[in-house]
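Engineer: So the sequence lines, in the order shown, correspond to chains A and B. Numbers 8 to 422, taken from this note's numbering, label the letters of the first sequence in order. Numbers 808 to 945, taken from this note's numbering, label the letters of the second sequence in order.
Check the hints yourself; a few may be wrong.
Not everything, but these chain B residues come out facing chain A in the computed CB check (under 7 Å) [claimed, not checked]:
1) Y837
2) A905
3) R914
4) L942
In short, the hints are calculated from the structure, not lab data. Positions of the beta carbon are idealized from the N, C-alpha and C atoms, including for glycine.
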Amino acid sequence: MKLTADEQAMLSGEAGPARQWAIEHQIAVGDYFDAADFVPVSQAHIMADTESLGPSGVAWLETLAGQLEGQRGVVIPTITDPRGLDLETYRRLGQTDAMADLEVRASNAFQALGVMMTNTCINYQTVLPAVRGEHLAMGDTGVTIYVNSVMGAHSNFEGGPSALAAGLTGRTPRYGYHLKERRKGTQHFEVGFTPRDLADWGALGGIIGRAANGYWEVPVITGLDCNPDSDQLKHMGAAMASFGSTALFHVPGLTPEAATLAEAFQGARSPKPFAVGAAELEQFYGSYAQPGEKVDVVVFAAPQLSIIELQHVASLLDGRHVHKDTTLIVATSPENKSAADRMGFTARIEGAGGIVASGVCFYQSYAREMAEANGWHRLLTNSAKLINIIGGYGYQPSLASTEACVEGAIAGRMR
Amino acid sequence: MPVELKCHKGIGPTVTGEALVAEDNFSARYDLNRLEGTFSRPAHKLHGLSYVGRILVLETAKGGVASAWMLREMAERGMGPLAILFNDTNTILAQGAAFANLAMVDRFEKGRPTRLIRTGDRLRVAPAEGRVTILDRD
Chain A
8 MKLTADEQAM
18 LSGEAGPARQ
28 WAIEHQIAVG
38 DYFDAADFVP
48 VSQAHIMADT
58 ESLGPSGVAW
68 LETLAGQLEG
78 QRGVVIPTIT
88 DPRGLDLETY
98 RRLGQTDAMA
108 DLEVRASNAF
118 QALGVMMTNT
128 CINYQTVLPA
138 VRGEHLAMGD
148 TGVTIYVNSV
158 MGAHSNFEGG
168 PSALAAGLTG
178 RTPRYGYHLK
188 ERRKGTQHFE
198 VGFTPRDLAD
208 WGALGGIIGR
218 AANGYWEVPV
228 ITGLDCNPDS
238 DQLKHMGAAM
248 ASFGSTALFH
258 VPGLTPEAAT
268 LAEAFQGARS
278 PKPFAVGAAE
288 LEQFYGSYAQ
298 PGEKVDVVVF
308 AAPQLSIIEL
318 QHVASLLDGR
328 HVHKDTTLIV
338 ATSPENKSAA
348 DRMGFTARIE
358 GAGGIVASGV
368 CFYQSYAREM
378 AEANGWHRLL
388 TNSAKLINII
398 GGYGYQPSLA
408 STEACVEGAI
418 AGRMR
Chain B
808 MPVELKCHKG
818 IGPTVTGEAL
828 VAEDNFSARY
838 DLNRLEGTFS
848 RPAHKLHGLS
858 YVGRILVLET
868 AKGGVASAWM
878 LREMAERGMG
888 PLAILFNDTN
898 TILAQGAAFA
908 NLAMVDRFEK
918 GRPTRLIRTG
928 DRLRVAPAEG
938 RVTILDRD
C-alpha cells in the first residue's frame, strides 16, 4: 500500500504503540484486498459486545487503554454497537454478575480510548445520519448496508478490531465499497408482492440475501410498488446483510446511486431478473413455522427498535398481559429508551409484562446462556435477521408479523 | 504426489494440517458452539462436527461482524481452527484473521477449493506465497 508521511510515522511507532498496532492491522487487511492506499473516514462504529470479545478480548482492550494519554485516543468520532448486556435488566434475563463485570471493564476501556458508548445498531436513525459520498468505518452489517444503500455513503463491513483501528488512525484501506466500480449492481431481483409488516420486509431481504450469497454481490431491486420508510428498509437491509453478507443494494428510483435501472448497473446491461413473488415469501415463513407450539420468548430486536416501533408495540400491548410462561423482550438504543421512558412507552410495555432493554440487541447478549438460564427454546420474532442468527444458539425460531408476535406473547403459543 | 493450488496472497502463518470441507458458508457467531468447538447451526453441513485444529475449507463468509473478534478469542483458548480457506471471503473474516494471526487464503486460480480439496486431505497452507499444497493426493 502507498503510505503518506503520517501513515509511515504511525507504522514506525512515532505515534505510540496503539496507533502502530492499528495501522499494521489495517495494512494486513488492505494488502489482502489489494488496497492501493488509505482513505480518510469521518466516523467509526465498533461492534464489541463482551460475548464476542471474551475475557481475552477485554484484557487486550485494557492493554490498549493503558497506553499513555495522548497516544491512545481515537482521532475521529468513534461510537459503539449494542453491548453484551444492559446493567438495568440483566438479572431479569438470567445473565450473570460475571458477565456484567466484564461489560463494565470493556466499557471503561473504550471510554479511556475516547470512544462514545452509543450502544446502538441504528445510529443512522439516532446518532448522525450519513451523507452521500461520505467515507465511514461502520461496524455492524445492518448499519453498513443501510448507510451504503439508503444514504449513498461508503463503508465496508468493519469488524470490531478494524473499526477501532480506523478510530485510532482516522482512515481505512481503500478497497471494496470505497471504490465506485465495486458499487455497480451485479444481480437483478424483481419483487412481485407488496411487503406489509416489518417481518415481510425482513423476509424479502432474507430471500434476496440468501440468493445473492456473498459480500461482493450488489442486488438491484425492482418491482416494489410502494415507498418504504426507514424502519422498513432497516429490516430489509439488516436481513439481506445477515443472510447474504450483502453490504450494498440499489432500488432504482429510490436509493441515491440509482435514479434508473441503467444507473444502478453503471451503464452495463442488466442481468436477467430473479423473480421474488408471494410464493417465495410464503415458503420463507413456512420454513420456520411451528403452528400451535408453546412460545418461550418473544423478541423485538435486531435491529434495535425506533421510537415509532416502540410506540407500535406499546399500543398493541395496551390492556393486555403477556402469558405467565412467556417472556417478551424489546431492545432499543439508550437514546430511544430514554425517549420511551419519557413518553410512557416503557411503562406501557412493562406494565403488560414485557421487558424493555437498553443498549443491547438480544443475540449479542449471551443468547445461549440466557436460553439455558431461562429454559427458552422456541422463539417468536418479527426480525428475519434474528431468525437467521439465533438457530446457532440453540433456539427454534419462528417469524411472524409484529401483531402476531404480540398475540403469541399473550397466548403463550404460536398461531 | 502433492498437488499445488495457487491462490491470492493471504494472511497469517504457514501451517500444515487436516482439511474439513463443506460446500457451505461460515460465520463464527451464527454457526458455531465456540465453547464446545463444534458446528452448532442445525442447517450447516458440518453440524455436530469439531472444527478445532482443522483446516476449514468453505465457500464464503456469512453473517455478522462478530467473527472479527471471535477468531482470536477462540485461538487464545486453544479452540480455534488451524486455518480457513474460502472460495472468496468477506471483509470481516479477513480482518478477524489479521487480528488473530490465523492462516486464511481465498481466490483460488483453479476454481472453488471446496471442489478441489476433500475432507481428510493433509494440507500445507502458505498464505505469504499464495499457495496451498495437498500433500497426500494420489
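Engineer: Against this structure, judge whether each hint is valid.
Structural biologist: Tested hints:
1. Against a cut-off of 7 Å between C-beta atoms, the interface hint on B/Y837 holds, since the closest Cβ of chain A lies about 5 Å away.
2. Residue-level restraint check for B/A905 holds (minimum Cβ-Cβ distance to chain A is 4 Å; threshold 7 Å).
3. About 10 Å separates the beta-carbon of B/R914 from the nearest beta-carbon of chain A, more than 7 Å, and the hint is not met.
4. Hint on B/L942 is violated. Least Cβ distance to chain A is approximately 25 Å, over the 7 Å limit.
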